[in-house]
Amino acid sequence: DSGVTQTPKHLITATGQRVTLRCSPRSGDLSVYWYQQSLDQGLQFLIHYYNGEERAKGNILERFSAQQFPDLHSELNLSSLELGDSALYFCASRPAGTGNTGELFFGEGSRLTVL
Amino acid sequence: TQLLEQSPQFLSIQEGENLTVYCNSSSVFSSLQWYRQEPGEGPVLLVTVVTGGEVKKLKRLTFQFGDARKDSSLHITAAQPGDTGLYLCAGDDKIIFGKGTRLHILP
Numbered sequence: 001d002s003g004v005t006q007t008p009k010h011l012i013t014a015t016g017q018r019v020t021l022r023c024s025p026r027s028g029d030l031s032v033y034w035y036q037q038s039l040d041q042g043l044q045f046l047i048h049y050y051n052g053e054e055r056a057k058g059n060i061l062e063r064f065s066a067q068q069f070p071d072l073h074s075e076l077n078l079s080s081l082e083l084g085d086s087a088l089y090f091c092a093s094r095p096a097g098t099g100n101t102g103e104l105f106f107g108e109g110s111r112l113t114v115l
Numbered sequence: 001t002q003l004l005e006q007s008p009q010f011l012s013i014q015e016g017e018n019l020t021v022y023c024n025s026s027s028v029f030s031s032l033q034w035y036r037q038e039p040g041e042g043p044v045l046l047v048t049v050v051t052g053g054e055v056k057k058l059k060r061l062t063f064q065f066g067d068a069r070k071d072s073s074l075h076i077t078a079a080q081p082g083d084t085g086l087y088l089c090a091g092d093d094k095i096i097f098g099k100g101t102r103l104h105i106l107p
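If you're matching them up, the sequences are chains C and B in order.
When you line the first sequence up against this note's numbering, it's residues 1 to 115, in that order.
When you line the second sequence up against this note's numbering, it's residues 1 to 107, in that order.
Careful: at least some of the hints might be erroneous.
Cross-link-like lysine to aspartate or glutamate pairs, in silico, EDC-like; alpha carbons within 16 Å at most [stated by the list, open to error]:
1. Lys9/C / Glu54/B
2. Lys70/B / Glu5/B
3. Lys70/B / Asp83/B
4. Lys9/C / Glu108/C
5. Lys56/B / Glu41/B
6. Lys70/B / Glu38/B
7. Lys99/B / Glu54/B
8. Lys94/B / Asp71/C
9. Lys94/B / Asp1/C
10. Lys57/C / Asp93/B
11. Lys57/B / Asp83/B
12. Lys70/B / Asp93/B
These are computed hints drawn from the structure, not numbers from a lab.
Please read these numbers as outputs of a predicted model, since none were measured by experiment.
With the hints as constraints, model all of the structure from the sequences given.
In C-alpha cells, the structure reads:
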C-alpha cells in the first residue's frame, strides 16, 4: 500500500461525457502528479501540483483540467470524452523536501473506459 | 524535448538467465529513477542514480548510470518469475518517463 488513494478504480462511460477522478496523496506530501498510461504510449505526464499551485503541465488536452484543494487532495476532470481517452490514469505524490531525487508514490490507478 | 528511450520494448526469457535493459537519452539528467510496475498496480521505485558512473545493487539487480548521465542500464542476474513486470525509467523532473521494458520470466 503506497498510501496514495485513487477513486474510482474503474469507470465506464460514453463518448461526450464528463468524469472526475480523485486522488488523495500520502499524508504530508504536498506534490501531486497525474499521468495517463495507455498500452502504446507508456506513462504520459499530464500535470503537477504543489501545495495547491500548478507547477508543471505536460501535453494535457484542453478538455482535461485538474486542481489541488487546500486539504491537498486533487481531482482530474476529463470532459467531452473520446474513445482515445480510454486509459489508466495514475496519481502520484512525492514527499516534501525530497527534490528531484524524491520517490514518487503511485496510487493503483483509475481505469477509464469510454464506449 | 527530452526523451527517454528504453530497449528492448519486450523481453521474454527463461528463469535463471541474465538480462540487461537500457534507458537512453540525448539529454543530460541530474538523476534517473527506475520503477517496476506489476499488472493492476502503480509503479514502485527500485532505485535512484545520481552520480555519473554510479553503480547500485539491489539483490540480483544492478543499476548503472552512464558517465555522461545520459543513459542507464538495469542488469538482472538469474532472473526469477517474480521479476516479471514493466520496468520504467524516469528523468529527474518526474515529467519524462520511458515507455518501459515489459519483462516476462518463464518458469
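Status of the hints after comparison with the structure:
1. Lys9/C / Glu54/B: Judged against 16 Å, a Cα distance of about 38 Å means the pair is violated.
2. Lys70/B / Glu5/B: holds (11 Å)
3. Lys70/B / Asp83/B: The given pair, whose Cα atoms are some 25 Å apart, is violated under the 16 Å limit.
4. Lys9/C / Glu108/C: holds (8 Å)
5. Lys56/B / Glu41/B: The hint is violated at about 25 Å.
6. Lys70/B / Glu38/B: Status violated; Cα separation ~26 Å.
7. Lys99/B / Glu54/B: Distance of about 23 Å is beyond 16 Å: violated.
8. Lys94/B / Asp71/C: violated (23 Å)
9. Lys94/B / Asp1/C: This hinted pair is violated, its Cα atoms lying about 21 Å apart.
10. Lys57/C / Asp93/B: holds (12 Å)
11. Lys57/B / Asp83/B: holds (15 Å)
12. Lys70/B / Asp93/B: Satisfied, since the Cα-Cα distance of roughly 14 Å is no more than 16 Å.
Against the hints set out earlier in the document, violations occur for numbers 1, 3, 5, 6, 7, 8 and 9.
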